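Participant: Next come the chains, spelled out residue by residue.
4 protein chains.
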Amino acid sequence: MLVVMQSHATEEQIREVCKRIESLGLKAHPMPGSLRTAIGITGNKGAIDLGILESLPGVVECIPVSKPYKLVSRDTKQEDSILRIPTPSGDVIVGGDKIALVAGPCAVETEEQCLAIAGRLKKSGVRLFRGGAYKPRTSPYSFQGLGEEGLKILSKVREKYGFGIVTEAIDSESLDLVEEYADVIQIGARNMQNFSLLKRAGRAKKPVLLKRGMSATLDEFLMAAEYVLSEGNYNVMLCERGVRTFSDFSRNTLDLAVVPAVKKRSHLPIFVDPSHGTGKRHKVLPLSRAAVAVGADASSSKFITSRTKRSPTACSPSSPRNSSPSPTKCAKSRPSSTAPSIDVNESELRQLGCPL
Amino acid sequence: MLVVMQSHATEEQIREVCKRIESLGLKAHPMPGSLRTAIGITGNKGAIDLGILESLPGVVECIPVSKPYKLVSRDTKQEDSILRIPTPSGDVIVGGDKIALVAGPCAVETEEQCLAIAGRLKKSGVRLFRGGAYKPRTSPYSFQGLGEEGLKILSKVREKYGFGIVTEAIDSESLDLVEEYADVIQIGARNMQNFSLLKRAGRAKKPVLLKRGMSATLDEFLMAAEYVLSEGNYNVMLCERGVRTFSDFSRNTLDLAVVPAVKKRSHLPIFVDPSHGTGKRHKVLPLSRAAVAVGADASSSKFITSRTKRSPTACSPSSPRNSSPSPTKCAKSRPSSTAPSIDVNESELRQLGCPL
Amino acid sequence: MLVVMQSHATEEQIREVCKRIESLGLKAHPMPGSLRTAIGITGNKGAIDLGILESLPGVVECIPVSKPYKLVSRDTKQEDSILRIPTPSGDVIVGGDKIALVAGPCAVETEEQCLAIAGRLKKSGVRLFRGGAYKPRTSPYSFQGLGEEGLKILSKVREKYGFGIVTEAIDSESLDLVEEYADVIQIGARNMQNFSLLKRAGRAKKPVLLKRGMSATLDEFLMAAEYVLSEGNYNVMLCERGVRTFSDFSRNTLDLAVVPAVKKRSHLPIFVDPSHGTGKRHKVLPLSRAAVAVGADASSSKFITSRTKRSPTACSPSSPRNSSPSPTKCAKSRPSSTAPSIDVNESELRQLGCPL
Amino acid sequence: MLVVMQSHATEEQIREVCKRIESLGLKAHPMPGSLRTAIGITGNKGAIDLGILESLPGVVECIPVSKPYKLVSRDTKQEDSILRIPTPSGDVIVGGDKIALVAGPCAVETEEQCLAIAGRLKKSGVRLFRGGAYKPRTSPYSFQGLGEEGLKILSKVREKYGFGIVTEAIDSESLDLVEEYADVIQIGARNMQNFSLLKRAGRAKKPVLLKRGMSATLDEFLMAAEYVLSEGNYNVMLCERGVRTFSDFSRNTLDLAVVPAVKKRSHLPIFVDPSHGTGKRHKVLPLSRAAVAVGADASSSKFITSRTKRSPTACSPSSPRNSSPSPTKCAKSRPSSTAPSIDVNESELRQLGCPL
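Residue numbers (numbering that gives the first Met the number 0), protein chains in the order written: chain F, 0 to 355; chain Y, 0 to 355; chain H, 0 to 355; chain C, 0 to 355.
By construction, these hints were calculated from the structure, which means they are not laboratory data. Note that this is a predicted model, so its numbers are computed, not measured. Mixed in with the good hints there might be a few duds.
Identical chains share a label here; the pair holds if one copy fits it or two copies do between them.
[Claimed, not checked] Keeping only pairs whose Cα atoms sit at most 30 Å apart, straight-line, the calculated DSS-like set for lysine-lysine is: (1) K26 / K151; (2) K151 / K198; (3) K121 / K66; (4) K155 / K26; (5) K26 / K122; (6) K18 / K155; (7) K155 / K66; (8) K151 / K205; (9) K18 / K151; (10) K205 / K159; (11) K204 / K159; (12) K122 / K159.
Here chain F stands alone, though its shape is the one from the complex:
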């Protein structure tokens, strides 16, 4: 259910409608738009008496929303959501006509490794730094991440270079800490339907980057985001990272058609992660370009929704081209990550950094 307010409705009137909705035992989600505010209602299990709401001052009409997702839907909010991620070097804008870039190592291994990568990324125009402190690993015997120690290293990267930090939370304990240390809370593909974690992220004060599950349908993907929004956190960014198919030449099949499909159904921004999507170095740059291209709006180049590409591990220990001493050293003390390491140089990143 959606309550559409008049364009000149006052803050007071909006508050009144919300209060009335909550008095019915429901939850109100005011969604301000450029022209008017709409108020999403969730929690209703039966029919709601629309008369009560439609007669309130400032209300235009009540619209039943039939789609399974409500708050993420473009029916609820027609304009693209544009997120501002506060970082020490100013807000990073996600959405609109700029391309946001996220880059960094797969796993945080040492302070030296992270600072070295960050120094190089800084020059290429990347403003969001990602690296895993908590790693969801297929094997219980693989390196599971440095935990809070890793978050502290990321903090230093943040402090020294002014990056916004994106890092994954894998359960409610780690989410508490990620919320404290980082700027964006990542929910990984394996946890896309970990509904307890999604609800916890929905109560967080930081934006959420939600990765598509390996075999998630579009509806399931949007419903996972709906979990986060339904708890009150509207700062959600989606991320396509490849799905699982019979195709065996790449680790996953990057489903770029999901970008226009999401944009048709939802106002949320969507990222593409071509490094997990392909797992092969020589495919990252072509697919990053394709990711940028697929998001261009057909009717007007002004509405290019911004998408982010992650080019991980700019100088991972397992990369043969890298011979800087410190990461090599760290590889001895820490088990090397099993995820593929992809080396992308600065000029390549700079190429991508240019808005269309």
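We have chain F; now place chains Y, H and C onto it with these hints.
Facilitator: Using the frame of chain F, we list chains Y, H and C on its own:
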């Protein structure tokens, strides 16, 4: 790494080897077999000095295990694991030459509903009752289960009919309660790679039923079980419930070939859940029969280790054939479950209940 | 469109209705049932004047058939189709309450090889012998089959042991020859949507074994069969042989749920081919048993639709257990087949041969 | 096996080597490159005596090729293949740094329909016109194409507007006619492993556009092309058109990562068909842009070898936006095509027409 003990090694000797392993900062997992005990070692990141261990009294040899899964592997334990699940009416055996049956409603809705279903199942020879108190739902607006209230209802079913109770835990909080109230802790398909939850289940005192993720490879499935065993809980049952494919005539594609594949690689018992696997009533019984058949060992009918799990709603409110008053009533007060409800009558269950 | 005749309608009346249908430029397909005959109409692009047909003597009613498949549909013919395949040793019945078995080598390589395999299969109760004379190979450089020479070898197997011969046709030229030499024309998975070939098979006088395409939906599978029936050949047997999915532990994912799904929608018999479906020897027997089990009708054992299992290459050259001299010799002169060779012994086949 | 000739080897020497190869019962495939010629050898089942060939004048060395595909491999020919398709208005270049566009109706329905579409496409810079005269249809009751009548209509389009004509052949009979009337012979996805048809196409004098099968792996795709080359026709263009996955929001999942993957392994040009790949109008333009972007070579913009194929029905009868009288009329006399009809206007095509 696996330490193979002599067949006449004493308890004392086994304890000594374990103590020595732990003194090296590693974890020891003694796995008693009918002939001898093997001790799995996990936690080793580098090379272990085998000399120290091989020279201990009672040790035959140390074998490096190259597979990513160790404790679940048949290399570690050659005989099928046979689990005893204590219930008020005696142990239910899972593994060996009997077929265990699990049945019950999708979601616990009311005490009346559960007792009615339980009464009918009791007559059909089912000894494990399943029903969800915590429901992982695609939509945040769907009925999420009764929580602890549901667990209390399941307790009454347990008390009144002597069933062992199987129910799902979705996070560490619910796992604490499920461990307290139920006999088997179920980890659902969506949480198969929720590694924090798997570790918590590995520290539980109750057996774990681990369902295969919707797009989990066989290795990922076994590695998820390895997470549970690596924390010390060796009472794990696997469950095939269908995977996600292009095929559109059933909800999922039941991958029965995984049964002999698991049996070749692992000693763990494996269930099949044909109701989630197909989502269609007319396919449940044929596929249940196929599930029983696929587990029969080719060379000798004594080694049938496959077991079938039946989770269809024996008398769910949404079934048109059911006209008993109480479940109908409950459907009004509770949102009806969205999962397909499959009506299987008692004689059908009795048919399946007969061991081959 | 379906014209339902009265139960006591005469042959003459049925002929009259068919004649009238054809006079409208359409095609009539009389389908005799145990109670009455129905006449399927195909070729109608617009509306047909039902009045003309319904007023003819012997006609009960005309029913529009909305499904995309008509002649294969159970709406058109309620009873299971039971096929009689004439062989030198009498008719082999497919459908009903017996399990038909088909076995033989992947490719026909030499006369010695085929006669040796045939001799062993004869003892195990198999009555249909299959072997490829035309092999659809992924590589142009792989052995493409012996062609007509292979068909002549199969003829000798037929003559000497009384087997019915099942062999694949890959184009219209080979179909002409297969129709001449063999008893059942196989259309392989790669050609399931080779519509020219399907139409040619529909004009053949021999029964057709149609294998499901690697990524064919159920509707596409039934529509492919419809192509054959629509040309007048109603003797079609379907065959599930595994579909392509992300799952990597077996060559294909055997989709056994398709058996009850086909039986619900169609009257055609369905085979299961677990050797292509799994590609692994240790899975063939369990999955053959499962294939038999999945087809058993729940309510009455009288309606068990017969299904056939193919256990290929009872003594293929590449099988390590086989040491007979001639196949070994032939392996030198012929490139060995790339398809997996699975050795199933006679007692195993005999086990399967028993009807339920 | 590959015979590498000296850069200054004469035509005469090359002919000699080929003659010698053929005298060994093998097939020689001279592949001229910008620096030197390599001669591929196919048909060898055992070891070849390299000494004979390496001692011939002009030969540098003989290299064994281990990949299953040989002639399509970049090992055989390092430079991108650049095809020249002769058309009445001059050669259309496929490969290199231009983007070729192919557009036209799904099925040829009437002369008026085709001429109307062609007239609009002419203005947008498209130089290859495609339309189906032979339609491989899932249902035997769907419109199967106009056959030779359709080819004659395409001839008129060719004559009037100077387009090169691309149209599908579905069997050897239709291929004879397509070869006569059209400029490019299309092999559809359903026939990608119709090896008899591939061989026939390999003996054709016209270039071949080979579409990827719905569940073809990369190796199978390249091997299908190898079939065509192995018969002597080296003018092959590949085409990605989407694969079949669980994902249900689009008809197929466009696998754009196959473009860099093909380019790494093969010298053949590759098209992308986003209209079949997505089946949705609003996704065609974004995915066309992505297709162009994914083919751009990372290190140098001069080597863009990716090309985009656009096959949407520019003014199909079933498009709601189109109200021109003649296509509407034809829709009455011909069953409308079941394939999705996608309306793309001229300025959109012009946008794509610009090389990067």
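Participant: Taking the hints in turn, state whether each one holds.
Facilitator: Consistency of the hints with the structure:
no.	hint	result
1	K26 / K151	between (37 Å within a copy, 29 Å between copies)
2	K151 / K198	both (25 Å within a copy, 25 Å between copies)
3	K121 / K66	neither (42 Å within a copy, 41 Å between copies)
4	K155 / K26	neither (39 Å within a copy, 34 Å between copies)
5	K26 / K122	neither (45 Å within a copy, 45 Å between copies)
6	K18 / K155	neither (43 Å within a copy, 41 Å between copies)
7	K155 / K66	neither (44 Å within a copy, 38 Å between copies)
8	K151 / K205	within (17 Å within a copy, 37 Å between copies)
9	K18 / K151	neither (41 Å within a copy, 35 Å between copies)
10	K205 / K159	within (21 Å within a copy, 49 Å between copies)
11	K204 / K159	within (23 Å within a copy, 47 Å between copies)
12	K122 / K159	within (13 Å within a copy, 56 Å between copies)
In the structure shown, a violation is registered for the earlier hints numbered 3, 4, 5, 6, 7 and 9, in ascending order.
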